[in-house]
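Trainee: Next come the chains, spelled out residue by residue.
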Amino acid sequence: MTSLDSGDTAWLLVCTALVLLMTPGLAFFYAGMVRAKNALAMLMQTYAAIGVVTVTWVLVGYSLAFADGNRVLGGLHFLGLANQDEPVPGFDLTVPPLLFSMFQLMFAVITVALIAGAVADRMRFGGFVAFAALWSVVVYAPLAHWAFSPDGFLFKAGVLDFAGGTVVEINSGASGLALALVVGKRMGWPREAMPPHSLPLTLLGAGLLWFGWFGFNAGSALHADGLAVNALVATHLSGVGGMLAWLVVERWRTGSATTLGAATGAVAGLVAITPACGFLQPLPALLLGAVAGVVCLYAVQVKFRFGYDDSLDVVGVHFVGGVVGLLFLGLFAAEAANPGVVREGLLLGGGLDLMGRQLLAVVVATAWAFGATYLLAKALDRVYPLRVAEEHEVVGLDQALHAESAYDLGGVRATGRFPA
Amino acid sequence: MKLVTAVVKPFKLDDVKSALESLGIQGMTVSEVQGFGRQRGHTEVYRGAEYTVDFVPKVRIEVLVDDADAARVVDVVVGAAQTGSIGDGKVWTTPVEDVVRVRTGERGPEAL
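Keeping their order, the protein sequence lines are chains A and B.
Last residue of the first sequence: 647 (our numbering), numbering continuous.
Last residue of the second sequence: 463 (our numbering), numbering continuous.
Please note that a few of the clues may not be correct.
As the list claims (entries may be wrong) - One-sided and incomplete, this derived list gives chain B residues near chain A with beta-carbon spacing under 10 Å:
id : residue
1  : R398
2  : G399
3  : E401
4  : T403
No wet-lab data here; the hints were simulated from the structure.
All C-beta atoms, glycine included, are put in the ideal place defined by N, C-alpha and C.
With the hints as constraints, model all of the structure from the sequences given.
Mentor: Shown next, in the form of structure tokens:
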């Protein structure tokens with residue numbers, strides 16, 4: 228076993244905290260976009276993901292993803308975070324394995340939380356919690372094994388996915404679509420307008436996501452070294468590219484540059500760079516962000532044509548952004564950015580070899596996430612309904628499910644303690 | 352007695368209030384309201400999807416006045432609230448049967 232490095236350990240401790248912060252950030256990014264009567268329910272689902280997925284990951288998920296097993300599934304050696312004094316198969320870690328398990332936990336948490344956006348405003352709280360618990364083990368852990376563990380078959384196939392274009396982005400997007408199809412559309416969608424209730428919250432959330440993403444991507448280097456720096460620079464440039472490109476195109480299309488456009492474009496750029504940040508040089512990273520910003524702007528319109536209610540555009544931003552990032556590597560992956568790149572992208576003279584592998588990853592991750600999630604959600608819905616009662620949807624989930632209101636602005640309201 | 356009700360553009364509230372004060376009006380009630388007349392709403396865009404917002408925010412001002420003052424109060428409100436562009440609002444009067452000042456129990460014009 229390689230010896231521990233205090234610099235690497237300090238960096239990964241910080242990154243674990245940064246990635247944790249992304250989930251509250253996502254909670255506010257989402258909560259601002261829903262209607263005021265459902266703001267708390269949205270915050271609650273994302274925070275609940277931190278609670279539920281931590282337990283399932285510690286008990287089972289981590290072991291299935293990273294313990295010694297075969298190409299398809301890890302083993303049971305790390306159940307309950309046992310045997311953390313032993314190395315993680317395939318990794319040459321310079322940090323305590325227990326820290327690595329927590330860093331990876333935060334990825335599982337936010338991936339589950341991301342799905343909540345596709346089904347906003349209509350899931351029972353208990354239904355979401357049950358789905359989150361099962362999904363994190365049944366769908367997430369296997370895909371994490373395939374792409375993140377050096378024993379997994381996608382990793383062995385030479386797929387480049389630095390920080391989770393498949394495991395986090397395609398996974399949440401395709402699963403969100405499947406769950407949205409099982410749960411159904413919001414009442415009144417798309418006939419009724421359902422505009423965001425607080426864009427300041429959304430922009431605050433986007434800022435926290437951006438901040439945390441440095442830990443997500445640069446932390447995935449697992450060392451405090453030049454590769455981590457490359458990942459951080461690429462991450463920032465792509466976020467900027469996404470934000471600016473979205474604003475330019477929407478200004479041209481609709482006449483206004485919007486704050487929601489700035490937040491969404493930045494997230495689109497950050498999503499796309501997630502698989503790519505450790506393999507791209509700075510300028511291609513900026514270009515990738517811009518491409519993702521434009522492609523995602525058009526992708527979020529698709530739901531109106533096909534009639535699926537992906538409420539907060541998890542498909543249009545995370546699925547599509549993840550695909551753009553993975554395929555962009557087939558063009559621009561550079562040995563100059565990462566000496567570990569054995570097959571360079573098409574435009575750097577590497578031919579179509581890498582592009583084929585990236586395409587394989589996209590197809591496998593999409594098929595698995597969509598198919599497995601659809602079956603899981605259908606089965607769960609039979610024994611434990613996922614959708615709220617109609618009257619609860621009308622009143623709003625905050626009052627109906629959580630017995631609270633997000634906003635009390637001191638208006639006329641007869642209040643008293645009950646029982647008096 | 353008459354109740355003068357005005358629905359005007361929100362940014363004109365201060366002008367109307369000053370004009371009424373200079374007439375010696377002792378009080379008024381103001382509320383934020385929404386609606387539409389010939390001026391319709393506006394359009395908002397979220398992630399490229401356009402929404403129409405049909406109701407426009409307005410301010411409603413209510414003033415109780417003596418019969419003799421009603422016409423002058425209406426003219427003053429109209430003068431203060433007018434911009435000449437669409438959406439300036441409306442002013443109307445309605446007859447009032449009785450008014451009581453809660454603190455003293457005075458009734459009728461005494462209570463204004």
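Trainee: Could you work out which earlier hints the structure fails to respect and list their numbers in ascending sequence?
Mentor: When the structure is compared with the hints, none of them turns out to be violated.
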